[in-house]
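Please model the complete structure; the sequences and the hints are all you need to start from.
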Amino acid sequence: MKSINQHQAFENEKSIQTDFKEKMTYSDYLSLDTLLSSQHRLSDHHDEMLFIIVHHVSELWMKQILHEIYSATRDIQTDNLKSSFKKLARVSQIQEQLKSVWDVLSTLTPSEYIEFRDKLGNASGFQSYQNRLVEFSLGYKTEYVLKIYEKETELHQILQEAHEAPSLYDVSIQALARAGFSIDKEVLERDVSITHKTNESVKRAWMIVYKNVDQYWELYELAEKLVDIEGLFQQWRFRHMKTVERIIGFKKGTGGSGGVSYLKKVLDQYFFPELWELRTDL
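Reading the sequence shown from the start, the letters are residues 1 to 282 in the working numbering.
Check before you lean on any hint, since a few could be wrong.
[As the list claims (entries may be wrong)] Mimicking SDA-like on lysine to any residue, the simulated pairs with C-alpha atoms at most 20 Å apart in a straight line are:
| # | residue 1 | residue 2 |
| --- | --- | --- |
| 1 | Lys99 | Arg239 |
| 2 | Lys251 | Lys86 |
| 3 | Lys252 | Val145 |
| 4 | Lys87 | Leu98 |
| 5 | Lys99 | Val145 |
| 6 | Lys86 | Val145 |
[Claimed, not checked] Simulated restraints on C-beta separations:
| # | residue 1 | residue 2 | range |
| --- | --- | --- | --- |
| 7 | Leu35 | Glu150 | 24 to 34 Å |
| 8 | Pro110 | Lys203 | 40 to 50 Å |
| 9 | Lys86 | Lys252 | 36 to 46 Å |
| 10 | Gly256 | Gln215 | 49 to 59 Å |
Derived from the structure by calculation, the hints contain no laboratory data. Heads up, the beta-carbon is just placed ideally off N, CA and C, and yes, glycines get one too.
Here you go:
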């Protein structure tokens with residue numbers, strides 16, 4: 001058998017660009033020098049790098065989730081539901097990636113984490129402003145957490161505006177009303193800075209959609225996309241909780257939360273309550 005020149009594949013590609021003295025490279029386009037120099041360990045422990053990168057990856061994926069949700073929200077506001085479906089489906093795929101991140105972090109043992117945990121001070125994922133923006137965009141509004149960000153005026157303003165903006169579910173309910181469904185005025189004109197509570201008129205509207213799928217196919221598809229997102233969000237929360245329990249047990253979080261006990265409580269929070277309740281009545 002003839003030996004294969006390991007460079008042959010490259011050498012046969014005569015059109016591959018190799019002179020980048022005056023051209024933009026892959027690294028330039030992605031600003032890799034900035035991205036890859038952003039992992040600053042505060043200890044000498046090997047596993048702190050994993051801890052930082054897992055959270056960096058999560059924040060990047062949350063940035064893309066927000067990009068998709070904000071665009072899908074605008075689509076729904078203009079009754080362009082079909083355009084929103086691709087974006088909402090992409091959110092669900094990203095959520096699968098976010099869930100898998102906990103599998104990687106779970107390779108960190110309690111003995112390893114305790115070696116650098118004190119270096120975090122009071123820094124905690126609880127303070128992730130993008131996580132708050134995701135919650136706000138889906139409709140879970142918590143004004144008290146805004147205090148965490150008061151020292152950063154510009155960021156606080158962004159969060160305040162998101163807190164007062166219609167959520168993905170708010171605009172979906174508005175879409176039901178524009179489609180001719182009778183939605184209570186108190187829902188359509190409510191203060192959207194307050195978390196939506198289950199409402200019978202909204203539930204009845206979704207029930208009609210689910211019982212007449214062919215007639216209301218786009219609204220039905222929208223509802224299922226929302227259920228996908230909430231289901232995966234809850235799975236992400238559960239994996240988060242179990243990862244924390246595996247690594248620190250029932251210790252308090254670095255940010256002062258109850259840790260696992262707090263994470264268990266948020267598993268009972270719903271963004272789109274009527275879409276879950278109607279399943280019992282169908």
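How the hints compare with the structure:
1. Lys99 x Arg239: Holds. Lys99 to Arg239 sits at ~7 Å (cutoff 20 Å).
2. Lys251 x Lys86: Status violated; Cα separation ~41 Å.
3. Lys252 x Val145: 18 Å, holds
4. Lys87 x Leu98: 17 Å, holds
5. Lys99 x Val145: 24 Å, violated
6. Lys86 x Val145: 31 Å, violated
7. Leu35 x Glu150: 24 to 34 Å: Check passed, 29 Å falls within 24 to 34 Å.
8. Pro110 x Lys203: 40 to 50 Å: 45 Å, holds
9. Lys86 x Lys252: 36 to 46 Å: Holds - the Cβ-Cβ distance for Lys86 and Lys252, about 42 Å, lies within 36 to 46 Å.
10. Gly256 x Gln215: 49 to 59 Å: 51 Å, holds
In the structure shown, a violation is registered for the earlier hints numbered 2, 5 and 6, in ascending order.
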